[in-house]
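Student: Sequence:
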Amino acid sequence: MKIQGIIKGNTIELLEDLSLPNGVKISLEIPDNLISKKVSWEQIETSIGVWKNQPELDDIFSEIDRERHADLGVEIKFDD
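Numbering-wise (my numbering), the sequence shown opens with residue 210 and increments by one.
If you are wondering where the hints come from, they were derived from the structure by calculation, not from laboratory data.
None of these values were measured; they are calculated from a predicted model.
Heads up, some of the hints might be wrong.
The calculated lysine-lysine pairs, modelled on DSBU-like cross-linking and capped at a C-alpha distance of 30 Å, are [claimed, not checked]:
1. Lys-246 with Lys-217
2. Lys-247 with Lys-211
3. Lys-217 with Lys-261
4. Lys-234 with Lys-211
5. Lys-261 with Lys-246
6. Lys-261 with Lys-247
7. Lys-247 with Lys-234
8. Lys-211 with Lys-246
9. Lys-234 with Lys-246
10. Lys-234 with Lys-217
Turn these sequences into a full structure, and let the hints guide you.
Tutor: Here it is as structure tokens:
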């Protein structure tokens with residue numbers, strides 16, 4: 210049997226009357242896509258330090274910085 214309900218805090222309010230007695234144990238199956246997965250700070254810290262102490266990346270980012278700040282303008286002549 211499938212039945213819908215609404216979660217309110219730690220309580221599930223059923224949308225239909227089942228006429229089950231109080232204290233009856235039931236099982237719930239909640240689809241994975243409805244469960245929000247919280248990312249822990251430890252997981253974030255692991256990702257933050259991935260590029261640390263990698264000299265080849267310093268070279269790559271230095272080159273990117275040089276290219277971004279290179280003067281690529283075109284000379285304009287104001288001769289009549």
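Student: Now tell me, hint by hint, if it's right for this structure.
Tutor: Hints and how they fare:
no. : hint                 : verdict
1   : Lys-246 with Lys-217 : 19 Å, holds
2   : Lys-247 with Lys-211 : 28 Å, holds
3   : Lys-217 with Lys-261 : 44 Å, violated
4   : Lys-234 with Lys-211 : 15 Å, holds
5   : Lys-261 with Lys-246 : 27 Å, holds
6   : Lys-261 with Lys-247 : 25 Å, holds
7   : Lys-247 with Lys-234 : 28 Å, holds
8   : Lys-211 with Lys-246 : 25 Å, holds
9   : Lys-234 with Lys-246 : 27 Å, holds
10  : Lys-234 with Lys-217 : 19 Å, holds
The structure shown violates just one earlier hint, number 3.
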